[in-house]
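S.K.: Kindly produce the complete structure, drawing on both the sequences and the hints.
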Amino acid sequence: MICPKQAVLNLLNSMTINVTRLAATLLVVAASAFSAAAERSKYLDASQPVETRVEDLLSRLTLEEKVSILHADSKFTTAAIPRLGIPRRWLSDGPHGVREDVGPDTWAVAGHTDDFATAMPAGICLAATWNPDLGYSEGETIGQEARQRGKDIMLGPGVNILRTPLCGRNFEYLGEDPFLAGVMASGYIRGAQSQDIASCVKHFALNNQEFERDSINVELDERALREIYLPAFKAAVQAGGVWTVMGAYNRFRGGHCCHNDYLLNTILKGEWGFNGLVMSDWAGVHDTREAALNGLDLEMGTEKKYGDFFLAKPYRDGLQGGEFPMAGLDEKVRRNLRVMFATHVLDADRKPGSLNAAAHQAVARRVAEEGIVLLKNENHTLPLNAAKIKTIAVIGENATRLQAHGGQSSEIKAFYEITPLAGILNRVDRQVVVTYAMGYDGPAASARSTRPQTAGAPFPAAELADRAVVAAKTADVVIYIGGLNHDLGQDCESRDRKDMKLPYGQDELLQKIVAANPKTIVVLEGTMVEMDAWLDKVPAVLQAWYPGMEGGNALARVLFGDVNPSGKLPATFPKKLSDSPAHTFGASGYPGVNGTVTYSEGLLIGYRWFDTKNIEPQFPFGFGLSYTTFEYSNLRLTPTETGVTAEFEIRNTGKVAGAEVAQLYIQPEHPSVVRPLKELKAFKKVFLKPGETQKLSLSLGQNAFAFYSPEQKSWVAERDAYKICLGSSSRDLWLESEFKLDQTSVVK
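Be aware that the sequence shown starts at 128, since it is given in our numbering, and climbs by one per residue.
It is worth saying that the hints were derived from the structure and are not from the lab. Be aware that a few hints might be false.
[Said to hold, decoys possible] The calculated EDC-like cross-link candidates involving lysine to aspartate or glutamate, where the alpha carbons are at most 20 Å apart (straight line), are:
#1 LYS515 with GLU505
#2 LYS202 with ASP228
#3 LYS822 with GLU774
#4 LYS646 with GLU635
#5 LYS811 with GLU776
#6 LYS850 with GLU865
#7 LYS812 with ASP859
#8 LYS875 with GLU845
#9 LYS503 with ASP663
#10 LYS812 with ASP260
#11 LYS503 with ASP859
#12 LYS822 with GLU776
#13 LYS703 with GLU635
#14 LYS805 with ASP847
#15 LYS478 with ASP172
#16 LYS805 with GLU743
#17 LYS875 with GLU398
#18 LYS702 with ASP663
#19 LYS440 with GLU450
#20 LYS628 with ASP663
[As the list claims (entries may be wrong)] Across the chosen pairs, the derived CB separations fall in these ranges:
#21 THR393 with GLU768: 30 to 40 Å
#22 GLU458 with PHE814: 43 to 53 Å
#23 ASP659 with PHE586: 24 to 34 Å
#24 PRO214 with THR711: 45 to 55 Å
#25 ASP414 with GLU768: 45 to 55 Å
#26 THR240 with VAL874: 50 to 60 Å
Keep in mind that this is a model prediction, so the values were computed, not measured. From the three backbone atoms N, C-alpha and C, an ideal C-beta is built for every residue, glycine too.
M.R.: Okay, here's the thing in structure tokens:
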């Protein structure tokens, strides 16, 4: 006989078993139902065309869900839609690597321990490689790390043209020439997007200064817009296949760029056929109606509650009230979904990525090695021979300063960073005695420096300089590591530089050091500076930009000849600021008057200005020396159906292997409109052993000869004779021949 207590227990056990079985049955039924639904849901079928998946998912979204896709729900995310299996979408800065995590609702760092990343050299260093294959490798690396970090859209590259040397973000961008910037950006984008993430080219358009960037209005003529400031973006779209475009903070012809109908609807989406999404820069949206109608697809960073963003509740209310068309909403959502499917966000076989791999570090080092530019090398001062040197004095705060975690939105929490001093010590090992003197102390530098911290007040500037002079006097060779840094007012987002001079009294310090030891090699980090105070007194100068986490090793390999420098300047270095075109027309040309800056120089930016106006630069666009020498010969032009092909030979006439960048410029002889003296239209980097000769071929289509006609609203290749010039920089042209276009034609 079973006691009442046992009977109750048996009943409960029976009920538990039945409930468990029921739950399991329900799970099986639910799974079967989801599986059946998945079979019917084309958007979940990776074998379906992207557009089929887009339209299927679009048809399943509610109004609220559609609107939620168009705006942020944290600093760097948009909301998930669990009902349909749409995950939260993660965006991240930036162009040089995956940024340290912040937020979710603040710019304060998150304090994670898994958000270190490979710190690539700055964008201007990548541009100085003139190597699109390296652009692909850098993008590929960043794409892999973005996937490992769970990111879907990476905010880069930046392709704004270097108009003034003072722009605080010049270090992020790809120089002064739209063709070079477009080619390098396209390689980067293709590499990044090969890893199932979307690149975001920025800042569209005319964000060429940080001063009053949130409100400054840019006025310029249509030819300058089309021929100088838009081509790199066009290349990113049409050659790079970029999936997202970020609007700029500034205004253009009165309208905010993040919702500028002419830029976004007419040009980007209409003329260029861009079918990805346009996002705002953070807090770059100012009006719901303009955001709704003028081409914006994703709103980020507005300083309001997320539900009150311009494309959130205000837009939804306008849709429900008939103020805005539902077709416009669907088009915005369609563009967002297209990017999701193109990058396999909903697919099981999405690439997983990797982080801080040895291969990534090798790419960072190679970009730095190829981007470092040898500006001066009298009497073969470089490369150094460690076997013939007993003592080296390394002088300069940048020798120990960590640069990767600076610059604001482009900053990287590097897994490690090899400083110039560390790189030199690694290279010479114990062969050479190396001493270090700081020489100068930039404000707040100690917080980002690897040098030992001492108690008490910092050394006075005079004492730092005196110590540097003593170190210089007792060394066989001085390697001075100076230049700029990422402090506000130098190479940093949100503020421009005040002038082109070296900060912290470096001009005076360098003169003292050179007087103490004439064998002083100058290495400059950062962007361009005036050099007249000391350039003629030093035998060698290297431009190292911001060379990333492997920068110290790369620099040492160049200094000691393990790597032959092959970098070429992606921007003209003027002798003085007043030589630069933006600074020739008074305050209206820069920084602007009454909230408007006018680009009175028109087409004549960078070398186009210096060549056309016959102004001697400090160093010309495309310039860069080597430890070997090259000879150009045998130029032959062959007409094609669409243009011309230039064939020629380059020979390494020196004793060491090296790389040369052959640059092709065209020069119209009798233009009917104002045109620059010459313009870059093709280039090729070639690696040659001593004595080796290679035949190169560069092809030009009709578009290479065209200018934009505002009257015809199209590109026109004009009947004329054109000089085809080849050489090693914009001012060092070794071969020349003539090509004639027999008729004028409109070029698409």
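S.K.: Hints broken by the structure, by number, lowest first?
M.R.: none
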